[in-house]
Amino acid sequence: MNSWKNIRDDFPILNQEANGHPLVYLDNAATTQKPRAVIDALSRFYERDNANVHRGLHTLSMRATAGYEGARARVAAFVNAAAPEEIVFTRGTTESINLVAASWGGANLKPGDVILLTEMEHHSNLVPWQLVAKRTGATLRFVPVNGDEGLLDLPSLDRLLTPEVKVFAFTHVSNTLGTINPAAALCARARNAGVVTVVDAAQSIGHMPVDVRAMDCDFLAFSGHKMAGVTGIGALYGRRALLDAMPPWQGGGGMIAHVDFLESRWKPAPERFEAGTPNFGDAVALGAACDYLDGLGRAEIQRHGAALGRRAYEVLSGIPGIRLLGPRGERAALVSFSFADVHAHDVVTFADQDGIALRGGHHCNQPLMKKLGLTGTTRASFFVYNTEKEIEVLAASLRRTVKFFRG
Amino acid sequence: MNSWKNIRDDFPILNQEANGHPLVYLDNAATTQKPRAVIDALSRFYERDNANVHRGLHTLSMRATAGYEGARARVAAFVNAAAPEEIVFTRGTTESINLVAASWGGANLKPGDVILLTEMEHHSNLVPWQLVAKRTGATLRFVPVNGDEGLLDLPSLDRLLTPEVKVFAFTHVSNTLGTINPAAALCARARNAGVVTVVDAAQSIGHMPVDVRAMDCDFLAFSGHKMAGVTGIGALYGRRALLDAMPPWQGGGGMIAHVDFLESRWKPAPERFEAGTPNFGDAVALGAACDYLDGLGRAEIQRHGAALGRRAYEVLSGIPGIRLLGPRGERAALVSFSFADVHAHDVVTFADQDGIALRGGHHCNQPLMKKLGLTGTTRASFFVYNTEKEIEVLAASLRRTVKFFRG
Amino acid sequence: MSSDLTDLYQHVILDHNRRPRNRGRIPTANRVAHGDNPTCGDQCSVFLRLEGDRIADISFDGSGCAISQASASLMTTQVKGKTAAEARALYDHFHDIVTTGREPEEISDVAAFAGVHAFPARIKCATLGWHAFLNALKDDPAPATTENTPD
Amino acid sequence: MSSDLTDLYQHVILDHNRRPRNRGRIPTANRVAHGDNPTCGDQCSVFLRLEGDRIADISFDGSGCAISQASASLMTTQVKGKTAAEARALYDHFHDIVTTGREPEEISDVAAFAGVHAFPARIKCATLGWHAFLNALKDDPAPATTENTPD
Ligand SMILES: Cc1ncc(COP(=O)(O)O)c(C=O)c1O
Ligand SMILES: Cc1ncc(COP(=O)(O)O)c(C=O)c1O
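Protein chains in written order, with my numbering: chain A, 318 to 724; chain B, 318 to 724; chain C, 1317 to 1467; chain D, 1317 to 1467.
Be aware that one or more of the hints could be misleading.
What the simulated footprint calls covered on chain D by chain B, stretch by stretch (three residues with Cβ under 8 Å from a Cβ of chain B suffice, anywhere in the stretch; the number is not a length) [what the hints assert, rightly or not]:
no.	segment
1	1405-1412
2	1434-1443
Just a sample of chain A residues kept apart from chain D, beta carbon distances all over 10 Å, derived [what the hints assert, rightly or not]:
no.	residue
3	424
4	512
5	578
Since the hints were made in silico from the structure, they are not lab data. Note that the structure is a prediction, hence the values are computed from the model and not measured. Backbone N, C-alpha and C define an ideal beta-carbon position, used for all residues, glycine too.
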């Protein structure tokens, strides 16, 4: 168990001022900060163990390979995969989803097939499907969102899950609304209809226990940089039978069983999907991030985040003219809002002058914004080191900002 | 100018023993070690400046964006690109080539077209072309290698550059033979024939000046981890007009101009090709690697590497029964060899017991191995910190090994 | 409020933001151009009535932050009645102010935008309306975008 | 030479490597299987004459490191004349030795492979010929591969 008590000391970056105020970092849904333990694991790897993995029989290479494959096993355990071979390392959620869409989708979709998404998908769980739809002749269909409350229209799901639907891809937690979707129930309903499921866990992976076997999904995509890990590494979990049946996506060293000038044969998963030198340095750091989060306890992280999310919703709802998005009750560790008379970017610039890091804009959710009649929102998103006190600082700053604009 | 004098002190990893002997790291063609300056740049980024880039208007995000775009400009300058927009960040050489093959190739190749490669290509510059050939109906053709000497059969090039050839992809430096191909001349001949050129600079980028405008190539691919940078980051240089005309490859956040539920529009290059959160942490470290190498002086690095390559060829040629590959004269900073009676993997295991890190096997060059009647070779490859003394240590170890096996 | 910030959101900007001038589509327009800033999501359409070389009338519409909207609004008041060449010179002047922070010698509303200089991420907001206007002048049908423009 | 290394490349391995037994294709074979280790490039083909349940004759061919070739050679000498069940038991025994490093109680040539345990990257080399043999026994046409096998 790491200590929650001095948790802010674990994150060197928090110990600084921005524009003359103590940094209040509330942009965690974009990327989380990294604890010393993760940064040190990364440096240590390059200072002691670095060498190219696989194919290498010398001491450093064997150590690096053990580090890389150890990280794979660690990540597999973190999401409770049945085997390390079910974890493919990628750059992050976006690449993971592109891999599934291009490889699984390219091989399994045909004209007339339907890809089911939801209206709250991040562009990274929408555009890859648009691209493969164009390539294969499949079409897209969307589970509606019920307005500002941000809940999926679940009754419509049975109607939408027609026999033409081949895959259902949805986000576990919305980065814009803070909605937590009932992933296990959605997967169960899809499975009953014979539909493959792809879960975008970008916003849940660092914030709550994520168990692929309890969820019983077919694929799960996530990013290391949103779970206290560094940028450049993430993973795709895939059921082994599905992964092994998929054609390669990228070609190159490390993924082949045999190469001739004109034809090649592939290794099984996960190597089949890891062409070229893998990002083993950052993978090792991702293993350290898993250790760090498990040290804090993931149930405890979830409680902490949910409490901040609810508290922020309450406190901010008192600001005149604020429009809050997402569910009022159970919600993820973020709050998203807008004002009719102050643009999100102006809000962010004003908050920044008070040392507060927020994000404003469409949050890679343009179609949802359009549906809700918004051009963007301002979002405050929390992680393990954020406090109720910081929510007060945020509220005070927002009040000053709207007052300034309203004159 | 960094100091060459105490250069080994710049690389923390070198200061260790392997199996009771001082580490002699001769596996640099697989991956180079990282100087303190690069490791520190990475830690420092996560300790001070980390935030998601673009779309971010708060202090940290602006700093991170400046760091990331600064790294792009730095890398552009490193290869003398005309503009930072000609640099797309990727995971490395393999991903860069897959991007060109899938996006440019997918849009421009049709049945009957020919992709011209050489017999010395790394799997990473072969398999992506096999995949796109299968998809588009194009076929592959190869410039022959003249046997153990490892030179391209240049006279045959004019015969091979028929009107059906649409693209010529070749390696600047062979990772197996140590051959340095005349890249500028090859590009000029291809250009005269109206053929697009793709240069695999994985093995040249860290070892000699690489100037895309002098070379006048259309695309150039390379990996950070082979030029003193960390794993997970590399780049594709592309002529701007070509990049801007190419369709996206991966979809997701950051690469779109406008997204609707059913259709989207793309940003121009390089963003079009950087879907999802980029690996900005490692990109910043890559900028530091450029600084480090330029500090040593790239012409000086080239002289150092060429001297070691020649010296190793000379010294090792005295070992009974050794078969040396690649050119006898001008060669890259590596030497590759085999014995009829001792397998490469046994050589590597024995060398490792003497603290020497070598690589044995097909070096992702299976078709070339087959052509040369080899199942693999042993390779010793050098970087800025290697010494003539280490070549002596290697030669002594090899002599003991062959003696042991021959009894 | 920091002084940088009040510099940025000077009275002029707040005023144009609250009461935009020449907003909406003029029915007599013979040139239209659209600009967007995909990274921010800011949008701006410019409607132009060009008579010979003169900007006889102009309006804008769109959505975005205070800076982008106020800048577009102020732009319309500045170029209305000017020749194309005069309008281009005004843009150069404006561009110089927002990128260098140099305040112009004569007192003018444009000076309010000198504060943008301290917020480099916002320069694209300030120039969005101008880019759309320049495209309308050129009669360029491609939407103006502030991605990969030098400012 | 380190003692780990001489353990590994004991006399038995060197001997089988220099003078492989049962090498080449037996013309009477009624079962063939091929194994490869894509990471190393090692290859091994096993040719089997199965009469009822007995391994009447066996040979191997291939290329690879001393360990893989010696192990395949030794394997052929061990299983020739045995029943399928006996041969499988010999594999289990061999597998135990190379993965745990436990030397068997009775003195035998297989014991030479206990040294492999200290070189985890080489375990796949030592088991390659065995995997090809087991596939030939099963009459499995898929090439045996040491990728993603538990050893
Ligand atoms: C000539 C050549 N091309 C391509 C590659 C692939 O580089 P990476 O594995 O970094 O993608 C390598 C490195 O192994 C190489 O030597
Ligand atoms: C819900 C959701 N999906 C996908 C992504 C994309 O993740 P990444 O940019 O790390 O690939 C994000 C992050 O922005 C997200 O919030």
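Each hint, compared with the structure:
1. Counting residues of the segment 1405-1412 of chain D whose beta carbon lies closer than 8 Å to any beta carbon of chain B gives 0, which falls below the threshold of three, so the coverage claim is violated.
2. Taking a C-beta to C-beta cut-off of 8 Å, the segment 1434-1443 of chain D contributes 3 residues in contact with chain B, enough for the three needed, and the coverage statement holds.
3. Every CB of chain D is more than 10 Å from the CB of residue 424 (chain A) (nearest about 20 Å), matching its label as outside the interface.
4. Listed as outside the interface, residue 512 (chain A) is consistent with that label: its C-beta sits roughly 28 Å from the nearest C-beta of chain D, beyond the 10 Å cut-off.
5. Even its closest Cβ contact with chain D, about 16 Å, leaves residue 578 (chain A) beyond 10 Å, as expected for a residue assigned away from the interface.
Hint check: a violation occurs at hint 1 only; the rest are consistent with the structure.
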